[in-house]
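All chains, full assembly: derive it from the sequences and hints.
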Amino acid sequence: MCLSAAAQYAPLWPLAVYFVAVVILVGAMLVLSHALGERRRGRLTSVPYESGVVGTGSARLHFDVKFYMVAMFFVIFDMEAVFVFAWAVSAREAGWAGYIEMFIFISILLAALFYLWRLGALEWGTSMKIRRKIEPL
Amino acid sequence: MNSEVAAFFSPGDFLAILPEMVIAGMACLLLLVDIAVPRTKKCVVPALAVLSVAVAAWFSYELAGSGVSAFSGMFVLDGYSDFFKLIFYIVAVFAILVSLRYIRTEEIDLGEYYVLLLFSLSGMMIMASGTDLLTIYLGLELASLPVYALVGFLQKSRKSNEAAMKYIILGAFSSAILLYGISLIYGLTGTTQLAAISAALVTGDVNGPLFTLAVIMLVAGFGFKVAGFPFHMWAPDAYEGAPTPITAFMAAGPKAAAFAVIMRVFLEGLYPAYDSWQMAIAAVAVGSMVVGNITAILQTSIKRMLAFSSVGHAGYALLGLVAGSEEGMASVMFYLFVYAFMNLGIFGIVIMMRKDSQSGDQISHYTGLGKSNRLTALAMLIFLFSLAGIPPTAGFIAKFYVFMALINKGMVGLAVIAALMSAVAAYYYIRIVMLMYMREPEKEFALASSRGLLCVLIIALAAVVALGVYPGYFIDLARYAAFPL
Chain A
1 MCLSAAAQYA PLWPLAVYFV AVVILVGAML VLSHALGERR RGRLTSVPYE SGVVGTGSAR
61 LHFDVKFYMV AMFFVIFDME AVFVFAWAVS AREAGWAGYI EMFIFISILL AALFYLWRLG
121 ALEWGTSMKI RRKIEPL
Chain B
1 MNSEVAAFFS PGDFLAILPE MVIAGMACLL LLVDIAVPRT KKCVVPALAV LSVAVAAWFS
61 YELAGSGVSA FSGMFVLDGY SDFFKLIFYI VAVFAILVSL RYIRTEEIDL GEYYVLLLFS
121 LSGMMIMASG TDLLTIYLGL ELASLPVYAL VGFLQKSRKS NEAAMKYIIL GAFSSAILLY
181 GISLIYGLTG TTQLAAISAA LVTGDVNGPL FTLAVIMLVA GFGFKVAGFP FHMWAPDAYE
241 GAPTPITAFM AAGPKAAAFA VIMRVFLEGL YPAYDSWQMA IAAVAVGSMV VGNITAILQT
301 SIKRMLAFSS VGHAGYALLG LVAGSEEGMA SVMFYLFVYA FMNLGIFGIV IMMRKDSQSG
361 DQISHYTGLG KSNRLTALAM LIFLFSLAGI PPTAGFIAKF YVFMALINKG MVGLAVIAAL
421 MSAVAAYYYI RIVMLMYMRE PEKEFALASS RGLLCVLIIA LAAVVALGVY PGYFIDLARY
481 AAFPL
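Quick mapping for you: the protein sequence lines, in order, are chains A and B.
Taken in order, the first sequence gives residues 1 to 137; the numbers are from the numbering used here.
Taken in order, the second sequence gives residues 1 to 485; the numbers are from the numbering used here.
Simulated crosslink set (DSSO-like; lysine-lysine; CA at most 30 Å straight-line): (1) B:LYS166 <-> A:LYS66; (2) B:LYS355 <-> B:LYS443; (3) B:LYS159 <-> B:LYS443; (4) B:LYS159 <-> A:LYS66; (5) B:LYS156 <-> A:LYS66; (6) B:LYS42 <-> B:LYS156; (7) B:LYS156 <-> B:LYS41; (8) B:LYS355 <-> B:LYS166; (9) B:LYS42 <-> A:LYS66; (10) B:LYS156 <-> B:LYS166.
The following residues of chain B were derived to be distant from chain A, with all beta-carbon distances above 10 Å: (11) ILE168; (12) ASP361; (13) HIS365; (14) GLY410; (15) LEU414; (16) LYS443; (17) GLY452; (18) LEU485.
Quick caveat, the hints were computed from the structure, so don't treat them as lab data.
Note that the Cβ used here is the ideal one computed from N, Cα and C, for glycine as well.
See the structure below:
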């Protein structure tokens, strides 16, 4: 029992050594650079590093909500694409039943896209919004 | 390879989910119809929504009693699911009818409202028919997600936004707990199918701390969905902030669906481990009755009061599950059937009180209603008596059958607590009756009645009285529909 357990865990010990080594290495890097490193307080020390470009202000500004909308659509439709990929690699095996199901799936997506389009969610400018305020649909 | 995939499901399986496909398909279609029709003809959308529910109900009726198990045992069409689908169809149609005028008053007259209701309905139907933890979870999410959006549908009301935020965060949290429970059950039994879980519990030795943890997580996850103590914290805020027709829908529809799932999971899947979950459910039931009913006394908002009352009612219904018998199951089903009518009825009156500047959501707003609007007050009186469980209304019979199921299993103590809590509940229900009839009205009442709303009120009233006087047929139906243990 003990032997078999040892045999079972045998392939794990290199991983454990590796893990310990990583912890020691990272720890050593942090501690040594903190202990040996030179410290200087300049005017720009605390400014975030922007690859050499001088910062222009805080990153906490108001973004247009449209960025959020586009990000949401991306997440939604991108996730749906995952299902299409999964079907694509087994399209032959899934046969006609799979084909029809994917057809239904994509038509639901199309309905959603059409809905968003008609709603004006894909408009980047404000023209649609203004137009609706003047004459409601 | 080809035959393997083909054997995974057969064309006949799609016949079994025809009602669900009708509802989900029509919901997609209505989304497009809504943006295609001009603003003046928006009544097309609710009309088509009611029509699609009717078509789905007709398909369900045609398929009823076939006992088909589809998609390799993930989905079943039995009497049990048919009974619950009947409740869902009624709740959905009522919710659409009571919304017609309300959402115009609140200026949220968008077609998406009805589309989301239909999506939620399709999720509830999948919940009732699911016999696999994965199907059940899928249905649960499909039923909940549209409701999160509907709760926040009053875009300009901060209360509604806050309610939706709280509801979605706690709902996601509870779903996660439920999934942990499901994954533990899967790890312990090697399957997610309820029948196979039951078989694994009989043959294998799976009792242990992990199994207890899994049961606790399932109870917590489902407890959130039925708003049972101590997982009811979201209910008062969500119920108060939501548009009133959605409050009515939530308290009757998704709650009944959650009960359908709870009974299916615990009485079909985990029935061999009855001893290990009975105490947990009993604790939730007693806690819900005590906390729900006592906290309801302190409320000044009628929607909050009804939210706590609904927590209490969830407690009574859970008692039928604690009994763990076919009779107990039938009593819960009958209870939920009755609750759907009395709940939609009373919320119908709350909706009626919302007109122009009159919010009508404080209990004090009902002062003297009996003097000026006799019929409305009488209807309110009957719904309140039914909720309190006073004969000859349906609420009494429903409670009576739950108590009887308990006593027949020798759980007299629980029945006594439940009866005591009904007495507490009677206090806050009858307080409104007192306000309506024994005080002079402070001002003129303006009631926002509409044909749809009146229709719902009359049907609900007739059902509450008829089920109270002559419950035999529906009790037999519930008994017949309960699945054998």
